[in-house]
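Q: Listed here are the chains, written in short residue letters.
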Amino acid sequence: MPKYIRLAAEGAAWADDRFTAVPDEESLPPGDVIVSLKRFLAEGDALQAEGREVGVRIAASEEIEDLAYDLPRLPVVTVVCPKFSDGRAYTTASLLRERYGYKGEVRAVGDVLREQAGFMVRCGFDAFEPADGSTPEQWTQATRRFRHVYQRAADHRPPAFEERQAQDKAAEAAEVKSHAV
Amino acid sequence: MYRYDALDKEFLADRVSEFRHQVTRRLAGEITEDQFKPLRLMNGLYLQLHAYMLRIAIPYGTLNPAQLRKLAEVARTYDKGYGHFTTRTNLQFHWIKLRDAPDILASLAEVDLHAIQTSGNCIRNTTADPYAGATAEELDDPRVWAEVIRQWSTLHPEFSFLPRKFKIAVTASVKDRTAARTHDIGLALRRGRDGALGFEVMVGGGLGRSPHIGSTIREHLPAGRLLSYLQAILRVYNRHGRRDNKFKARVKILVASLGAEEFGRQVEAEWAQIDPASADLPDTELARIRGFFAPAGFEVLPAVSAKLEAAKAADPALARFLRNNVHPHKASGYAIVDIALKTPGETPGDATAEQMETVADLAERYSQGEARVTHEQNLVLPHVRLDDLPAVHEALKAVGLASANANLISDIIACPGLDYCALANARAIPIAQHIAQRFADQDVAEDIGELKIKISGCINACGHHHVGHIGILGVDKKGEEFYQLTLGGSGAEDAEVGKILGPAIHASRVTDAIDDLVAVYLRERQPGERFLDTYRRTGIAPFKEAVYAEVH
Amino acid sequence: MKALTANRLADGEVVFWSHGRWVERFGQAELFEDDAPAGEAEAKAKSQPTVVVEPYLIEVAPIEDGVAPVAYRERLRALGPTNTPDHGKQAEGGHDVELIAKAAGAARSGGRVNLIKR
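As given, the protein sequences belong to chains A, B and C, one line each in that order. Every letter in the first sequence is one number past the one before it in our numbering, and letter 155, counting from 1, is 156. Every letter in the second sequence is one number past the one before it in our numbering, and letter 316, counting from 1, is 340. Every letter in the third sequence is one number past the one before it in our numbering, and letter 112, counting from 1, is 290.
There's no promise every hint is true.
Claimed, not checked - As a list, the in silico DSS-like pairs of lysine-lysine whose alpha-carbon atoms are at most 30 Å apart:
| id | chain 1 | residue 1 | chain 2 | residue 2 |
| --- | --- | --- | --- | --- |
| 1 | B | K270 | C | K224 |
| 2 | B | K61 | B | K191 |
| 3 | B | K199 | B | K354 |
| 4 | C | K222 | B | K199 |
| 5 | A | K84 | B | K61 |
It should be emphasised that the hints constitute simulated quantities derived from the structure, not laboratory data.
All chains, full assembly: derive it from the sequences and hints.
A: Right under this line is the structure:
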């Protein structure tokens, strides 16, 4: 079974890919599949009625809004990065998580390099098919490279200003406690 | 000034260690140049004609003495003893070695400086009024908002791979010293009818190969909603900006093709769906940032300094400096001082390590520990007591920085051009030097008055030629340097793109052509008119005739 | 006539190919009369990605008393920036530098072979 990198709290790890990604021009194999948005909109209901799990592949130029209604029944959405420098995938993932509250897997495919790891995870990606041969260890390392972040994003990491507030509160509490003693 | 705390410092340390790791991998051959190039560019490191160039961010153009001294130290240790201030208010070192770059960044991080987002298709350094906190004209301190934008945009996860680079300017004065309408987003602080602070939001300005002046898409955005609105603009741009053609990828092209009204509508529609509670900054954080820019404690001083008046009467050079380079301050007894890095014959924007150290000393001793960088490649001491002006002038004179030509014909903007830049078609610096020397006579320059000459060595327009009163663009004609002149541009509040005067002329004719243009102005001008005003009244014809007459 | 040039990876220095090694002065560059050996040298240079960045061939033409790169850009690379005569290779002086500096005005833009703009 093919593998991909899956992110979990304790770090990234290889996972078995039970889905078959099917190009539009190919006929569908049995089992769980990932199909294009176009194919899903045409055949999605029928495929799901067959009892299989169906994921959707979103091209960089496609709008996630077109899938909004169907999201609750999708186990995975794969977002295609045609080029390392094409940043549309980041908005797609952010909208999936923040606007639509999507809880399934958001997987990055295409020109996916470990240098993007930090940005991708912050936008809500939690699965990756790297194009550079990188390993889960490298992805774990890359996502932990920065101890602090400056803005709120889909990963809910507290930005620096919230960290400061928390520190101030902790300091205040310590002060009160020391006075009490 | 904003001060870094432990969190900010740890963030920078992490960035330096990341880049050190990447450089090690590149030198060891673990990654290719194709893979490495975007990584080094994200750290401001370019490979130019003679060496690497490192572009260091100077957030909204504000520097403290420790930072200036550190820049001087880097100039001496790792470069050839000088640096080049740019039209983006950054500083470039032109003789950097790749193997030194991680050490340089580590050294800069000691004084909270870095090169993050000085290149690449991301949100670049925000421009703010160099007179912020010092001019009486402003409604609010634009640096508060520039700092808010700096933090928000730093390694922004969604907006680090935009179709193209993205520049934001913040101004709070009627007089625009930021060239706001030539930025991707220009933000002008305004008071609403109810007195509430807000931004006029201008989008789609930009120079380069197709210059555009930004269009207002919102007259009054409540100030506290800034970040969510920026998010909406960037999101529309990230999704719909062109990615098929680098020359059509800036937001100005999207705004022009949709029309400002439709672009604004899409932004408003996106904005309406963004949750303010998660996108906008909490008031407590805004207040914390604002605290760093609290008005400096100014002494209560008389509006006229007897000491200064006496010195002025005794020293014509000081009097001239005061006339041209010194501007009113909001506090009585203080002044804003322009330091022109434009001594005729020198390279515009260059400063030696010694000059940087002198400015650091002056900022520390006489300007409440602050210096600024302007987009016109000059420096500013924002808070100088009138009594101290003679001493400041003397100290500047001693290091060749007392050039009394701010805003005059020899205060020329020039990009590095073909002398350094891998993108250039022609040189810009020698043209600037030649013109400045022709008009080195200060009486002549003062008689001509405000005249902004801006020179770019290629169509990318780093030298802002489109918005020069006189713009000069270098072109390569069969291997020879030719220059196309434009007239009537302005980057100020009356922003306008200049008009092409005629066919490009040979390098050897440029200075004479400027002479011709100035002669027409001196002949045609009416009382009180600047060069630009006369041009706007007469139109291009008399100027064109003067420059091209001999050709016919 | 052609020469092969690049910037050195570790420090960015302008270098020229000379019989299997890199030299810093244009005067020491190997000159190729024919395209075939020039192409072979370029291929060898490209197999050294940890030594140089983006090697490329430039046109070289005879001038009075010697040879010089044809393109003005390449002359600047061989000399250094014109606004600071004490920086770059020109600072060391030498016959080759003087020749190129004197030849100003004869440049043309056709002298770039597969130029990569970075």
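Q: Hints first: check each against the structure and report whether it holds.
A: Verification of the supplied hints:
1. B:K270 with C:K224: 27 Å, holds
2. B:K61 with B:K191: This hinted pair holds, its Cα atoms lying about 21 Å apart.
3. B:K199 with B:K354: 15 Å, holds
4. C:K222 with B:K199: With Cα atoms ~58 Å apart, K222 of chain C and K199 of chain B exceed 30 Å; violated.
5. A:K84 with B:K61: OK: K84 of chain A and K61 of chain B at ~15 Å, within 30 Å.
Going through the hint list in order, the structure does not satisfy hint 4, though it satisfies all others.
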